[in-house]
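Visitor: What follows is the residue order along each chain.
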Amino acid sequence: MAEIKQIVMPGDLISEELGKPRNGVYKNSDGKYCSSYFGIIQKNEQGVDIVPFSGRYVPRRGDKVIGKVLEVGPSMWPIDINSTYNTLLHMNDTPWRTTSGDIKRFLGVGDYVYAKVMTLNEIKESWITLKDVGLRKLEGGHITSIPAPKVPRIIGKGGSMVNMIKDATNTRIVVGQNGLIWIDGTPEDVIEAIAAISIVEQEAHTVGLTDRMEKYLKERSVK
Amino acid sequence: MPRDALGVLSEIKRSFITKQLKEGKRGDGRGVLDFREASITTNYVPRAAGSAMVQLGKTRVLAGVKIESGEPFPDTPNSGVLTTNVELLPMAFPTFEAGPPNETSIEIARVVDRGIRESKMIDTQKLVIEPGKKVWIVFVDINIMDFDGNLIDACTLAAVSALRTAYIPASKEGGKDMPLPVDQIPVSVTMVKIGDEIVCDPDLEEEQLGSARLTVTTTEDGHIRAMQKGDSGSFTLDEIKKAIKISSDTGAALRKKYFS
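Chain order of the listed sequences is A and B. Residues 548 to 770 in the working numbering are what the first sequence spells out, letter by letter. Residues 2 to 261 in the working numbering are what the second sequence spells out, letter by letter.
Be a bit skeptical, because a hint or two may be false.
Derived lysine-lysine pairs resembling PhoX-like cross-links, with alpha carbons at most 25 angstroms apart [what the hints assert, rightly or not]:
no., chain 1, residue 1, chain 2, residue 2
1, B, LYS257, B, LYS23
2, A, LYS713, B, LYS26
3, B, LYS242, A, LYS713
4, B, LYS67, B, LYS121
5, B, LYS20, A, LYS684
6, B, LYS121, B, LYS26
Non-contacting residues of chain B with respect to chain A, defined by C-beta distances greater than 12 angstroms in every case (computed) [to be verified]:
no., residue
7, VAL9
8, LEU10
9, SER11
10, ILE13
11, ILE18
12, GLY28
13, GLY30
14, ARG31
15, ALA93
16, ASP124
17, GLN185
18, ILE225
Just the calculated beta-carbon pair ranges, DEER-fashion [said to hold, decoys possible]:
no., chain 1, residue 1, chain 2, residue 2, range
19, B, SER233, A, ASN717, 32 to 42 angstroms
20, A, GLY578, B, THR84, 48 to 58 angstroms
21, B, GLY223, A, ARG607, 52 to 62 angstroms
No lab work stands behind these hints, which were simulated from the structure alone. Model, not experiment: these values are computed from the prediction. For every residue, glycine included, the Cβ atom is placed at its ideal position computed from N, Cα and C.
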């Protein structure tokens, strides 16, 4: 079994030598730093983060997410982005020429969009927009999902992991920051890519995953 | 059966799965009649009379057996009692709530119970301590830990595995502990109809897509021991005949794989 990163439980002490405490770290009454999640310790130049093993997506402004249309209103679409609240997409925030009451022909219930978080309020209710480069309604392909905190692992350093999976399985992949992943290609390739993504998800806490995935994908392509 | 947490099925998934079915394949790469790989851990709960944890794909159920002495029903004074109960734990799925049994859990419990009862898996005549006064009561409690479709088959697998390892605590009644008398092995096979295709062991998405569901429980001798049709769609007569054939063939393969 590969070497794994340090796993912490809520309340476990985090050594101050690791660096500046960031997301998922709190100070207890003794002034010591503790983890607030069940997850792994992630250390980088800026400081130390706790990456939880599971959890919902917490929206941030500017994030590109994949959402599912739940309903069609007169001028808005309520959209599920795997967050604690459903988000809203207003017809004026789309690239289409819409008129109120007739927005169903652009997006129907069950459709997916690749959108950007536009505004956020204090309790993380959000509004999204489709007005930016690359944002669109997703058509064809297949959707899979992973816990939102593991998204950085799927993307890898500078997109290394997702690009590797794309090249090896010959698919087009769009990763939303909220953990939804859209994959397009032949059905066999899509199933291959989903298998690869689920391995990354399950082994997200191990060290040297990119190298092992490279080996795994090479072995698969030989077959 | 429970729907997606928000009750909205994705268009992309729907078209992917139906497109794959036209090619004779499934959304997750399985063949149309293939079951997901099941892992069965018996004696999972050491303090129970018998228990089994079954993982079928991502669906996970835990069955426990408790055997107590008690009074028989007045109309069947010479046979023991079997009761099955299914609990949908809230942690298994967003729409599952704690509280009294609902339609879904009662349906699962009754189909599992029917399969075990009508196959004469347990010889209830042998569970009598004192005719008309004291018999062994077998409780089968099934907890759903994780839900990803096909609860009925997972629960039947778990209940049967747990009963096979169960023992009667006869030492409490001045006898000697003995294994529960088990004879036949019922295996249920659930199928859903998506378009005109019949697929076995549906996962969550396929269950949502399916228009109709049919469960057939068979035993080794090929007899049908329980049947249950669900959802609002319909099956033609030929489809039912085909489904019965599928279930006895697939059931035999499952029995060989997990119970021999």
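Visitor: Indicate, hint by hint, whether the structure satisfies it.
Guide: Each hint, compared with the structure:
With a CA separation close to 30 angstroms, the supplied pair LYS257(B) and LYS23(B) exceeds the 25 angstroms bound. Using a Cα cut-off of 25 angstroms, the hinted pair LYS713(A) and LYS26(B) holds, with the two alpha carbons roughly 23 angstroms apart. Pair hint LYS242(B) plus LYS713(A) does not hold up; C-alpha atoms about 44 angstroms apart against a cutoff of 25 angstroms. Under the criterion of a C-alpha separation no larger than 25 angstroms, the hint pairing LYS67(B) with LYS121(B) is consistent with the structure, at around 19 angstroms.
Between the alpha carbons of LYS20(B) and LYS684(A) the distance comes to roughly 20 angstroms, so the proposed pair stays at or under 25 angstroms and holds. Only pairs whose Cα atoms come within 25 angstroms are accepted, and LYS121(B) paired with LYS26(B) is rejected, the gap being roughly 36 angstroms. Its closest Cβ contact with chain A, about 5 angstroms, brings VAL9(B) to no more than 12 angstroms, contrary to its assignment away from the interface. The non-interface label for LEU10(B) is inconsistent with chain A: the shortest C-beta to C-beta separation is roughly 6 angstroms, within 12 angstroms.
Look at SER11(B): its CB is around 5 angstroms from the nearest CB on chain A, not clear of 12 angstroms, so calling it non-interface is violated. Interface exclusion of ILE13(B) from chain A breaks down, the closest Cβ pair being 5 angstroms apart, not more than 12 angstroms. Chain A draws ILE18(B) into its interface by the beta-carbon criterion, the shortest separation being 9 angstroms against a cut-off of 12 angstroms. Against chain A, the non-interface label of GLY28(B) is violated: not every CB pair exceeds 12 angstroms, the least being about 8 angstroms.
In this structure GLY30(B) is not separated from chain A by more than 12 angstroms, as the shortest Cβ-Cβ distance comes to only about 4 angstroms. Residue-level check failed: ARG31(B) sits 10 angstroms from the nearest beta carbon of chain A, not beyond 12 angstroms. The non-interface label for ALA93(B) is consistent with chain A: the shortest C-beta to C-beta separation is roughly 15 angstroms, beyond 12 angstroms. Residue placement check: ASP124(B) keeps its beta carbon more than 12 angstroms from all beta carbons of chain A (closest about 44 angstroms).
Its beta-carbon lying about 38 angstroms from the closest one in chain A, GLN185(B) satisfies the requirement of being farther than 12 angstroms from that chain. No beta-carbon of chain A is positioned within 12 angstroms of the beta-carbon of ILE225(B); the least distance is around 34 angstroms. SER233(B) and ASN717(A) have their C-beta atoms about 40 angstroms apart, which keeps the hinted 32 to 42 angstroms range intact. Distance hint check: the CB atoms of GLY578(A) and THR84(B) are about 56 angstroms apart, consistent with the given range 48 to 58 angstroms.
The beta-carbon spacing between GLY223(B) and ARG607(A), approximately 60 angstroms, falls within the hinted interval of 52 to 62 angstroms.
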